[in-house]
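Taken in order, these protein sequences are the chains called A and B.
Each residue of the first sequence is one higher than the last, beginning at 36 in this note's numbering.
Each residue of the second sequence is one higher than the last, beginning at 10 in this note's numbering.
Hints are supplied without guarantee of correctness; some may be wrong.
Think about it this way: if two alpha-carbon atoms lie no more than 20 Å apart in a straight line, the pair counts; the simulated EDC-like pairs of lysine to aspartate or glutamate are [claimed, not checked]:
(1) A:38 - A:67
(2) B:187 - A:80
(3) B:219 - A:80
(4) A:107 - A:67
(5) A:38 - A:94
(6) B:187 - A:100
(7) B:336 - B:169
(8) B:277 - B:238
(9) B:314 - B:246
(10) A:38 - A:68
(11) B:187 - A:130
(12) B:314 - B:169
(13) B:219 - A:100
(14) B:187 - A:39
(15) B:219 - A:53
(16) B:162 - B:234
These are calculated hints, taken from the structure and not from any lab test.
All of these numbers come straight from a predicted model, not from anything done at the bench.
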Amino acid sequence: MAKESRGGEYYDTIVKFDGITGQPSVVYTSPDDYSMLIQLVPHPDGTIFATTTENGWVDTVIGIDPSTGTQKFSVPVPRPSDAGECGGNMIIAGDGYAYLTFGWTSDPDLAPSYTTSGYCASTVQARPM
Amino acid sequence: MIPINDWVGNFTEICGMSPNIFTNADTGTLVYWNPDTQQPSSSMAITTGLSASLINAPGLEPVLQAQDGSFIGVGGDSTQSLMGAFDTSGNVRWTVAGDYYPQIATADGGVIAIEGGAGVMTFDQNGNATGQMGSLPTYSWLGYQYQGDPLTKVRANPIDFGLSFAAFFDQAGPPANKAAVKLVQSKMFLPAEINTTAQVNTDFYNLIRKNIASTQIALDLLVKDKATEFAFNTALDTTNMVVNYIGHGLVFVGQPGASGLCFAPSSKTCLVPKTLYPGDLAGATEVDLQDGTKYVILENGFAPKAKIVIVAACEIDANFIGQWHLKPGQALIVPVYSNPGEAAEIDLTKAAYEVQSMLLTLAQGLTVNAALAVGNQSAVSLNAAHRWQVIGSGNVTIR
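With these hints in hand, go ahead and build the complete structure from the sequences.
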């Protein structure tokens, strides 16, 4: 399984490869022109978890059925609308949940010298369906 | 959302903490980040459900999780690198200085680590170096070993890996894809096909491969000449393993009960516990017959490390069972025949399907006793003459 860029600008497609022949086949393509795939993690039940973004920050965690390519669920990453975000590392833990670390600051301009309140290293859980 | 902590700082400081995450068995996660100047003693948190608690910073980042729930990781500073273990409270159990990187958590609580990208060292549960390995290949789900470019299948030492959701790092073995999976292997030895009709055999192989996902139990079917005594002994020597033997017990003329287990037809090799061999061995450890049959004599019978062994064969009696030296936490599942001593026979086709039902039950994390009940239900529904019994610990699970 890998992500691919159809237009050559950003990753918008998930491709799977046959384990014996290596033949690629498209599993999923982002439904709009602005949503970019960041990280892909396969769940042991087969569901492909992916983080997506439209502006560089993780917006949603989506679940994709690998056999049909259909989106099973979409979970928005909660953060204040005016916050600057960082991080975004996802795993499927042993309890079967997907966890995503991320943090945000309340500094909307991301000014490095501006002292503000940060809220770092939070996680969001999404269940496979 | 699981809030971890609030800090005061600018964006660079906050985001420079680079939060990362690691599985904590099946209870939650270990979140860790670069130490910050405000709370230097805390750079980790354990999440359980929707809550998080900060723990002491052990100065190590997790790489593996051992079978007992402790983490094995790396740390250090500009003057030295460290490898070590810490518990879920952040207490350091041991550290060892050197450029080691953990690769595989082993069943004895130890770790296999590469040293400076070259050598491979083994350590016990206290961090004491116990040995060296020439190289460390990549292990597949089924335990086969691969190395090099182009990738080549090699024969290396089997690894007695730990039962953990993070027993392997990256290329050392499955899984290397950010999904925590507890690997349990099962070898199914079928030296004699279970049915004289080829399609019946094929149907069974296809069905069991389809029904049991590798993420539940990584099942390896070893049919006929692939069912070697070497592979059987290797499987018995692997702790987190379910070993299945479905075949014909070795029966000597004039001696009641099974006296051993026979393997690949081409090798004609049987494993025979010494006390069950009817002749005078005169100290021999092997007996070679004129027809090519070879009896490998087991001085002390079978002493498996494997948690669960299922033997589906004819003529298994108390003497044969007595040759299985089990420790607490291990189980042997064998048939009970309808007329012991008379027709102690088993239908291998029915037995194979019953073993499959037991494996499916074990894959769900249920106990050997639960698997036994399902196996016996299956035997009833298949109108089999035999039933199943457990020797050893019925409360064993593989999850």
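For each hint, the structure was consulted:
1. A:38 - A:67: holds (16 Å)
2. B:187 - A:80: With Cα atoms ~14 Å apart, residue 187 of chain B and residue 80 of chain A stay inside 20 Å; holds.
3. B:219 - A:80: holds (14 Å)
4. A:107 - A:67: With Cα atoms ~17 Å apart, residue 107 of chain A and residue 67 of chain A stay inside 20 Å; holds.
5. A:38 - A:94: holds (17 Å)
6. B:187 - A:100: Status holds; Cα separation ~18 Å.
7. B:336 - B:169: holds (17 Å)
8. B:277 - B:238: Given pair residue 277 of chain B, residue 238 of chain B holds - Cα atoms ~10 Å apart, limit 20 Å.
9. B:314 - B:246: Measuring from Cα to Cα gives roughly 5 Å; hence the hint holds.
10. A:38 - A:68: holds (15 Å)
11. B:187 - A:130: With Cα atoms ~13 Å apart, residue 187 of chain B and residue 130 of chain A stay inside 20 Å; holds.
12. B:314 - B:169: holds (9 Å)
13. B:219 - A:100: Holds. Residue 219 of chain B to residue 100 of chain A sits at ~18 Å (cutoff 20 Å).
14. B:187 - A:39: Given pair residue 187 of chain B, residue 39 of chain A holds - Cα atoms ~19 Å apart, limit 20 Å.
15. B:219 - A:53: Roughly 17 Å between the alpha carbons, so the hint for residue 219 of chain B and residue 53 of chain A holds.
16. B:162 - B:234: holds (18 Å)
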